[in-house]
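Sequences are here, hints too, so could you generate the full structure?
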Amino acid sequence: MLNNKSILVTGGTGSFGKKFVETVLTKYPDVRRLVIYSRDELKQFEMSQTYPTAKYKAVRYFIGDVRDGERLKRACEGIDIIVHAAALKQVPAAEYNPMECIKTNVFGAENVINAALDCGVKNVVALSTDKAAAPINLYGATKLCSDKLFVAANNMKGSRDIRFSVVRYGNVMGSRGSVIPFFLEKRKEGILPITDPAMTRFNISLQEGVDLVLHAIANAWGGEIFVPKIPSYRITDVAEAISPECKKEVVGIRPGEKVHEEMITASDSFYTVDLGKYYAILPQTPIWSLEDYMQKLNAHKVLPGFTYDSGNNEEWLTVEQIRELIKVHVDADFFPATPYKSVL
Numbered sequence: 010m011l012n013n014k015s016i017l018v019t020g021g022t023g024s025f026g027k028k029f030v031e032t033v034l035t036k037y038p039d040v041r042r043l044v045i046y047s048r049d050e051l052k053q054f055e056m057s058q059t060y061p062t063a064k065y066k067a068v069r070y071f072i073g074d075v076r077d078g079e080r081l082k083r084a085c086e087g088i089d090i091i092v093h094a095a096a097l098k099q100v101p102a103a104e105y106n107p108m109e110c111i112k113t114n115v116f117g118a119e120n121v122i123n124a125a126l127d128c129g130v131k132n133v134v135a136l137s138t139d140k141a142a143a144p145i146n147l148y149g150a151t152k153l154c155s156d157k158l159f160v161a162a163n164n165m166k167g168s169r170d171i172r173f174s175v176v177r178y179g180n181v182m183g184s185r186g187s188v189i190p191f192f193l194e195k196r197k198e199g200i201l202p203i204t205d206p207a208m209t210r211f212n213i214s215l216q217e218g219v220d221l222v223l224h225a226i227a228n229a230w231g232g233e234i235f236v237p238k239i240p241s242y243r244i245t246d247v248a249e250a251i252s253p254e255c256k257k258e259v260v261g262i263r264p265g266e267k268v269h270e271e272m273i274t275a276s277d278s279f280y281t282v283d284l285g286k287y288y289a290i291l292p293q294t295p296i297w298s299l300e301d302y303m304q305k306l307n308a309h310k311v312l313p314g315f316t317y318d319s320g321n322n323e324e325w326l327t328v329e330q331i332r333e334l335i336k337v338h339v340d341a342d343f344f345p346a347t348p349y350k351s352v353l
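So the mapping is simple: my numbering equals the position in the sequence shown, first residue as 1, plus 9.
Hints in this document: simulated from the structure, not taken from any laboratory.
The structure displayed is predicted, hence computed values, not measured ones.
One thing to keep in mind: the hints can contain errors.
As the list claims (entries may be wrong) - Here are the simulated PhoX-like pairs of lysine-lysine, each with C-alpha atoms no more than 20 Å apart in a straight line:
| no. | residue 1 | residue 2 |
| --- | --- | --- |
| 1 | Lys-66 | Lys-27 |
| 2 | Lys-28 | Lys-14 |
| 3 | Lys-112 | Lys-157 |
| 4 | Lys-112 | Lys-82 |
| 5 | Lys-305 | Lys-286 |
As the list claims (entries may be wrong) - Pairwise CB distance ranges (calculated):
| no. | residue 1 | residue 2 | range |
| --- | --- | --- | --- |
| 6 | Glu-324 | Phe-191 | 20 to 26 Å |
| 7 | Phe-191 | Thr-59 | 22 to 28 Å |
| 8 | Gly-87 | Glu-324 | 40 to 46 Å |
| 9 | Trp-297 | Asn-12 | 25 to 31 Å |
| 10 | Lys-286 | Asn-106 | 36 to 42 Å |
| 11 | Pro-206 | Gly-285 | 32 to 38 Å |
| 12 | Pro-206 | Phe-54 | 39 to 45 Å |
| 13 | Glu-329 | Gly-167 | 52 to 58 Å |
| 14 | Asn-12 | Glu-217 | 20 to 26 Å |
| 15 | Arg-69 | Pro-101 | 31 to 37 Å |
C-beta atoms are modelled at their ideal positions from N, C-alpha and C, and glycine is treated no differently.
Below, the structure is given as structure tokens:
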């Protein structure tokens, strides 16, 4: 699928970008070009130690910001596929610096769309978040806006052969800023702060996120928001899995947080279809035949009023499953030195 293709990954030195690059180089050894586009020169240097261009002939490192439309267009010359992973993602930082978040997440999305349209790109997949569904914080609102831009871009393409789609998923296990590395560090103090005992979250691994993007590249017709069927966990179970002996202190929900995260709202249900492994929220005015889509993908509509949130999920991780997943998916650097490392 990706052999002989040229791919650009914005935010390519982040957690997702590194896993995506690893997967592409492993599964598609004949990829023509793989451009890692990001603004952090140190992260690019560090990543180049793992994937040096002398060994990986397809890999290129471009320093640039998605806010810079001209630089982005230059990077997109000759590119077939864009995976847009660049974003400002920290909820408290976005609340305190709202315009910075808007510049990257909204205006940056616009720049990606314009660059793709101007440079003959064939396929664009943008990463979203569960916080974009019925958002209550600025980060979620900017990602909802970004999602709308990418869906609407399909109506702007004219005669161009290009598809824009979105993937939306929940917390990535062990990613920077997530609760698991935070708890792993906090257990040294003997107290784990619990925001709300009822709090739940979706859980997905980096590899599952990459697989969802690959699915969108291969199967999107244009305008879909793909949502994976993934398990939920209770925050109290995560605390128990990481350190059962620690005291659990309830500290209250932070500004902009929800007790349960949503990925499909009741309002989305009228345009949502079940694809088996994934759901897809379809564009309200698709440029292709809905009947053909349903038939060729063996899709069926969900019931009106259907919702998909981490609190009403049918699949839940147990304490032991969480513990095992942490062993597999959380980088060793997240584990403090012994004796704390021995807990897991």
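How the hints compare with the structure:
no.	hint	verdict
1	Lys-66 x Lys-27	17 Å, holds
2	Lys-28 x Lys-14	18 Å, holds
3	Lys-112 x Lys-157	16 Å, holds
4	Lys-112 x Lys-82	17 Å, holds
5	Lys-305 x Lys-286	15 Å, holds
6	Glu-324 x Phe-191: 20 to 26 Å	24 Å, holds
7	Phe-191 x Thr-59: 22 to 28 Å	25 Å, holds
8	Gly-87 x Glu-324: 40 to 46 Å	42 Å, holds
9	Trp-297 x Asn-12: 25 to 31 Å	26 Å, holds
10	Lys-286 x Asn-106: 36 to 42 Å	37 Å, holds
11	Pro-206 x Gly-285: 32 to 38 Å	34 Å, holds
12	Pro-206 x Phe-54: 39 to 45 Å	43 Å, holds
13	Glu-329 x Gly-167: 52 to 58 Å	54 Å, holds
14	Asn-12 x Glu-217: 20 to 26 Å	23 Å, holds
15	Arg-69 x Pro-101: 31 to 37 Å	34 Å, holds
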